[in-house]
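Number of protein chains: 2
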Amino acid sequence: MNKGAATKDLIIQKSAEIFNTVGYEASSLQHIMKATGLKKGGIYNHFQNKDEIAIASFEYSFQLVLKRFKDELAHCSSSHEKLLAIINVFESFADKPVVRGGCPIFNTAMDATDYHPELKAKAQSAINTLIKYVEIKIEEGKIEGEFRDNIMASDFALFLVSTLEGALMIARVNDNTEPIKHVAKMLTSYIKTQIIK
Amino acid sequence: MNKGAATKDLIIQKSAEIFNTVGYEASSLQHIMKATGLKKGGIYNHFQNKDEIAIASFEYSFQLVLKRFKDELAHCSSSHEKLLAIINVFESFADKPVVRGGCPIFNTAMDATDYHPELKAKAQSAINTLIKYVEIKIEEGKIEGEFRDNIMASDFALFLVSTLEGALMIARVNDNTEPIKHVAKMLTSYIKTQIIK
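So the sequences go chain by chain: A and B.
Heads up, the first sequence is in our numbering, so the first residue is 14 and it goes up one at a time.
Heads up, the second sequence is in our numbering, so the first residue is 14 and it goes up one at a time.
Treat the hints loosely; a few may be bogus.
Chain copies aren't distinguished; within one or between two, either way the pair holds.
Okay, derived cross-link-like pairs now, BS3-like style, lysine-lysine, Cα gap no bigger than 30 Å in a straight line [to be verified]:
no., residue 1, residue 2
1, K109, K21
2, K52, K210
3, K210, K53
4, K52, K133
5, K16, K47
6, K205, K80
7, K109, K47
8, K16, K27
9, K63, K80
10, K109, K145
11, K194, K21
12, K109, K205
13, K47, K21
14, K80, K198
15, K198, K21
16, K135, K194
17, K135, K53
18, K205, K52
Don't read these hints as lab results, they were simulated from the structure.
Computed from a predicted structure; not experimentally measured.
For reference, chain A alone in the conformation it holds in the complex (with noise of 0.2 Å):
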C-alpha cells in the first residue's frame, strides 16, 4: 500500500470510532486531526467533506460486520450451527464490538435519520441486508432439512435481528451486557424447540 493509500485508511479506521462514539453531527474535524495525528490538509487531501468520511467510515464498519459473520460461521458445519452463530455474533458487538461504541449499523440508522440522506440510505441497506443475510441462512436451512417447513424465513429473520439489536441498545445504555446475553439465550433455546426439527 502507498502512503497515499495508508493516510486514507487511518482516517477512515480513526473516524469510524469516532463517529460510532460521538454520533454524526458531534463528531469534527478537530477529533479526527486529534486522533490521527494528521492536519486539515493532510485530510481534505483525501476526502471533500465531515460527510464523505462519515459515509467510508460507514462503509468500513458494515464490512467488518459482515466480515465477523461470515469468519464465526467458516467454522460452522451445519445450518443450525450457523443460525446459533449468528446469535452469537451479535451478542460478541457488545462486550467486542467491531467499532468502539457498539453495533455501527443500528447507531447510524439512528443517528442518520432525517438529516443525512446518503448516510441513512446506507444505513438502511446495511440493515436490510443484514436481515437477507439471516433469511438467506434459514432457506438453506429448511431446504437441507434441518428447520421445519413452515418456518416463514423472512419473517424470523426480521425477528430475530429486531429483537437483538434492540436488546444491543438496552445493554448499552444500561453499560451492561445482560440483557443481550439473556435474550441471546431465549432465542437459542426457541430456535433449539421451535425451529429445528
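Starting from the structure of chain A, add chain B where the hints point.
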C-alpha cells in the same frame, strides 16, 4: 396556568420535538427560538442551558409514553388484553409517535450514550421503567391465573421490549411501518399460543 408557566411548557413541548427529530447534538438554541417564536432571553429566563431543556423535554416525552400505555390499558379488562394492548401501543409509536421523530426513549438512549451522563441516566431509567411495567403486567396475569406459571416475567418483558424497540428502529430507517407491524403480529401470536393458558 400563568404566562411564565405557559411559556416554559411551550419551550418544553417544541424542544421535545426538535431533540427527537434532530438529535441532541444538532439541536440548537436557534431551532428552539424558531419553533417557539421566543428570543434568547425568553428561553434563558426558564432554563440555564441546552442540557436543562433536553432533560425537561425528555421527561415530558416519557410522561407522554407512559400516558399512552395507561390510557390504552385502562380499556382492558383482562391481563391478556393488557399484554396485547402493550404491543399495540409500541406499534402505534411508528405511525402515531407521542412526539414526532419516533420513540423518544430509544432515540435519547442512542443519542445520549457516552457524552451526556445526565440524559443517559434518564434514558436508562426510562427504558428500565418500561421493561418493569411490562414485567408487572405479566406477573399480574400469572397471579390471576391467565398466564402460564412457568413464564419468567422479567425475561419475557425484556424480550418483548427489545424486539419491539428494535423493530421500531428498523421501521424508522426504512420509512415503512411494515417491520413493526410484522413483529407485533408474531409476538401476538406467540403470546396467544405460549403465554396465555
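Hints, verified against the model:
| no. | hint | result |
| --- | --- | --- |
| 1 | K109 x K21 | within (25 Å within a copy, 44 Å between copies) |
| 2 | K52 x K210 | neither (59 Å within a copy, 66 Å between copies) |
| 3 | K210 x K53 | neither (59 Å within a copy, 65 Å between copies) |
| 4 | K52 x K133 | within (29 Å within a copy, 33 Å between copies) |
| 5 | K16 x K47 | within (19 Å within a copy, 48 Å between copies) |
| 6 | K205 x K80 | within (26 Å within a copy, 38 Å between copies) |
| 7 | K109 x K47 | within (24 Å within a copy, 43 Å between copies) |
| 8 | K16 x K27 | within (16 Å within a copy, 50 Å between copies) |
| 9 | K63 x K80 | within (26 Å within a copy, 40 Å between copies) |
| 10 | K109 x K145 | both (23 Å within a copy, 28 Å between copies) |
| 11 | K194 x K21 | neither (37 Å within a copy, 42 Å between copies) |
| 12 | K109 x K205 | within (25 Å within a copy, 37 Å between copies) |
| 13 | K47 x K21 | within (15 Å within a copy, 40 Å between copies) |
| 14 | K80 x K198 | within (23 Å within a copy, 32 Å between copies) |
| 15 | K198 x K21 | neither (40 Å within a copy, 46 Å between copies) |
| 16 | K135 x K194 | both (28 Å within a copy, 23 Å between copies) |
| 17 | K135 x K53 | within (26 Å within a copy, 37 Å between copies) |
| 18 | K205 x K52 | neither (54 Å within a copy, 61 Å between copies) |
When held up to the earlier numbered hints, the structure conflicts with 2, 3, 11, 15 and 18 and fits the remainder.
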